[in-house]
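Trainee: Using this note's numbering, the letters of the sequence shown map in sequence onto residues 1 to 82.
Note that these hints are calculated values from the structure, not bench results.
Accuracy of the hints is not assured; some may be wrong.
Unchecked claim - Estimated spans, in silico, between C-beta atoms of each pair:
{"no.": "1", "residue 1": "Ser30", "residue 2": "Leu52", "range": "31 to 39 angstroms"}
{"no.": "2", "residue 1": "Ala6", "residue 2": "Ala48", "range": "18 to 26 angstroms"}
{"no.": "3", "residue 1": "Pro7", "residue 2": "Ala44", "range": "21 to 29 angstroms"}
{"no.": "4", "residue 1": "Met1", "residue 2": "Tyr26", "range": "35 to 43 angstroms"}
{"no.": "5", "residue 1": "Ile3", "residue 2": "Ser30", "range": "36 to 44 angstroms"}
{"no.": "6", "residue 1": "Leu39", "residue 2": "Pro7", "range": "26 to 34 angstroms"}
{"no.": "7", "residue 1": "Arg36", "residue 2": "Met1", "range": "34 to 42 angstroms"}
{"no.": "8", "residue 1": "Leu57", "residue 2": "Tyr26", "range": "22 to 30 angstroms"}
{"no.": "9", "residue 1": "Val14", "residue 2": "Leu39", "range": "26 to 34 angstroms"}
{"no.": "10", "residue 1": "Ile5", "residue 2": "Leu52", "range": "15 to 23 angstroms"}
All C-beta atoms, glycine included, are put in the ideal place defined by N, C-alpha and C.
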Amino acid sequence: MTIQIAPLAALLIVVAFAVGISVFKYTAGSQGAGGRGDLVASIASGAAVATLLGLLLAPGFGQTPAEPGAPEANPGSAKPIR
1 MTIQIAPLAA
11 LLIVVAFAVG
21 ISVFKYTAGS
31 QGAGGRGDLV
41 ASIASGAAVA
51 TLLGLLLAPG
61 FGQTPAEPGA
71 PEANPGSAKP
81 IR
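Using the sequences and the hints, build the whole thing.
Mentor: Here you go:
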């Protein structure tokens, strides 16, 4: 089975991973030689960056497009009442 991923979604995933890894490495370096990075902060920052970029770059990102022949919400309202 092949799953198609939009190029913008792939870019957001790559940027989120890069931000998460850089935050993890920064927190590991700031805690000394034997310190471990802050995993929660790296995941949270990556998710926040991906969410913000998704909202800013693609309004309606993740929503399915409307079908061109979709019926109206209230089809009876177009006919005049006699």
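Trainee: I'd like to know which numbered hints this structure contradicts. Please list them from smallest to largest.
Mentor: 1, 9
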